[in-house]
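Chemist: Chain residues, written in single-letter form:
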Amino acid sequence: MKVQRVFKRFVVGSAALAFSVLLIGVMLEPPAAGVDLRAAVSANLAVSGVAHPVTAVLLNFRGYDTLLEIAVLLLALIVILASGLEALSSRPRAVDPVLQTLAQLAAPSMIVVAVYLLWAGAFRPGGAFQAGAVLAAAGVLLHLTGLLPGWQAPTLKLRLGLTAGLLIFLAIAAAVLSQGALMQYPPRQAGMLILLIEAGFTVSLGLILAGLFLFISRDPGDPT
Amino acid sequence: MTSALLFACVGAILFALGLAGVALIGHLLRRIFAFNVMGSGTFLILVGLAQRHGSADPVPQAMVLTGIVVAVAATALALALTRRLHALTGKLELPADEP
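Here the protein sequences come in this chain order: A and B.
Taken in order, the first sequence gives residues 1 to 224; the numbers are from this note's numbering.
Taken in order, the second sequence gives residues 1 to 99; the numbers are from this note's numbering.
Calculated from the structure, these hints are not laboratory results.
Some clues are possibly wrong.
Claimed, not checked - To spell it out: a stretch of chain A is covered by chain B in this simulated footprint if at least three of its residues, at any positions, have a beta carbon under 8 Å from a beta carbon of chain B; those stretches are: (1) 5-12; (2) 21-32; (3) 37-47; (4) 52-60; (5) 68-78; (6) 206-216.
To be verified - Pairwise CB distance ranges (calculated): (7) A/R159 - B/L81: 21 to 31 Å; (8) A/G34 - B/G90: 27 to 37 Å; (9) B/L6 - A/L156: 45 to 55 Å; (10) A/L37 - B/A96: 35 to 45 Å.
Said to hold, decoys possible - Counterexamples of contact, computed for chain B against chain A with all Cβ distances above 12 Å: (11) F35; (12) H53; (13) S55; (14) L92.
Remember, it's a predicted structure, so these values are computed and weren't measured experimentally.
Every residue, glycine too, gets a C-beta built ideally from N, C-alpha and C.
Input sequences plus hints: build the corresponding full structure.
Modeler: Here it is in C-alpha cells:
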C-alpha cells in the first residue's frame, strides 16, 4: 500500500513536471496567432456603445458568454439550495464592537464604490463583475460581524433580485432579436442597453455571490 | 523574455502543480484548493500569452473575467457539497480515496 502510494506520487509528480516543461517550451516559441481579434475589437469599438474594449467584448461582442455565465452562477446557487443545508454558522460567536462599527461605516461606502465601478466600466477597467463582487463582499462583511443574519430560504423579493440580471438580459436579448443576430444591439441604443444589463447584473451578481456564503452560513435560530 | 511571457510560464507551473494536487490529495478541501490553483494557472496563461507582444488583448481578458466568476461559483458549489458530505458521513474524503 505504502509502496503503491509512493509510486503514484512519483508518476504524477514527474508527469506534471514533464507537462509544465513541455508547455513552457511551446510557449517560448509560439506560432503566430491564427486570428488577431485585437484589430476587430478596436475597429468596432465605436459602435459597441462603450469606450472600454473589455466591457465591449463582455457585454456586446461576446454577450452570449456573459448571458450563460449569469445562468451558470444561478444554477450553482440553485444546486446549493437543493442539496440541503445544515444550520451551521461560520460566524464567530463574540464580535468586537469596534469591528462592528467599522463594518457599519464600510458597508455604505462599499455600495458607493460598487455603483462607481459599474459606471466606470463603460470607459475604464471596472464593470458589473467587479461591482457585484464588492456588493457581495459588503454582505459577507456584515454577516461576519453579526449585523446580517444568514439567509434561510429565498423570499420572493430575494428571488427577484437573484434572477433580475438573467431576466433583464434575456428580455433585452429577445427584444433585439429583430436586428438579425442574437444580442446584436442597435448601435444608437447600445450604451443604454449595456448599462441596463450591467445594472441588473450588479444586483444579481452581488446577491448570488453573497448568497453562496450566506445561505450556507446560518445559525439554527436565525430569522429568514 | 517579457514579463507577459513570464506570467504565462508561471501559469504553466501553477497548472501542473494544481493538476498534481488534484490527482494526489485526498482531503477534499485541499483538493478544491488545488483545483483553484490549476484554474489560476490557466487564467495566467491566457492573459500572459495574449499580451506577449506588449499590448493587451481584450478578448482573452474578458474570457478570463468570465472564468474567474464561474470559478468562484464552482468553488462555492464544491465547498457546499463537501460540507454536505461531512454532515452526512463525518468525513472529508471521498470513499475511493480512503487509505
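Chemist: Confirm or reject each hint.
Modeler: For each hint, the structure was consulted:
no. : hint                       : result
1   : 5-12                       : holds (count 3)
2   : 21-32                      : holds (count 5)
3   : 37-47                      : holds (count 3)
4   : 52-60                      : holds (count 5)
5   : 68-78                      : holds (count 5)
6   : 206-216                    : holds (count 5)
7   : A/R159 - B/L81: 21 to 31 Å : 22 Å, holds
8   : A/G34 - B/G90: 27 to 37 Å  : 52 Å, violated
9   : B/L6 - A/L156: 45 to 55 Å  : 51 Å, holds
10  : A/L37 - B/A96: 35 to 45 Å  : 43 Å, holds
11  : F35                        : 14 Å, holds
12  : H53                        : 9 Å, violated
13  : S55                        : 7 Å, violated
14  : L92                        : 14 Å, holds
The structure is inconsistent with the numbered hints 8, 12, 13, although it conforms to all the rest.
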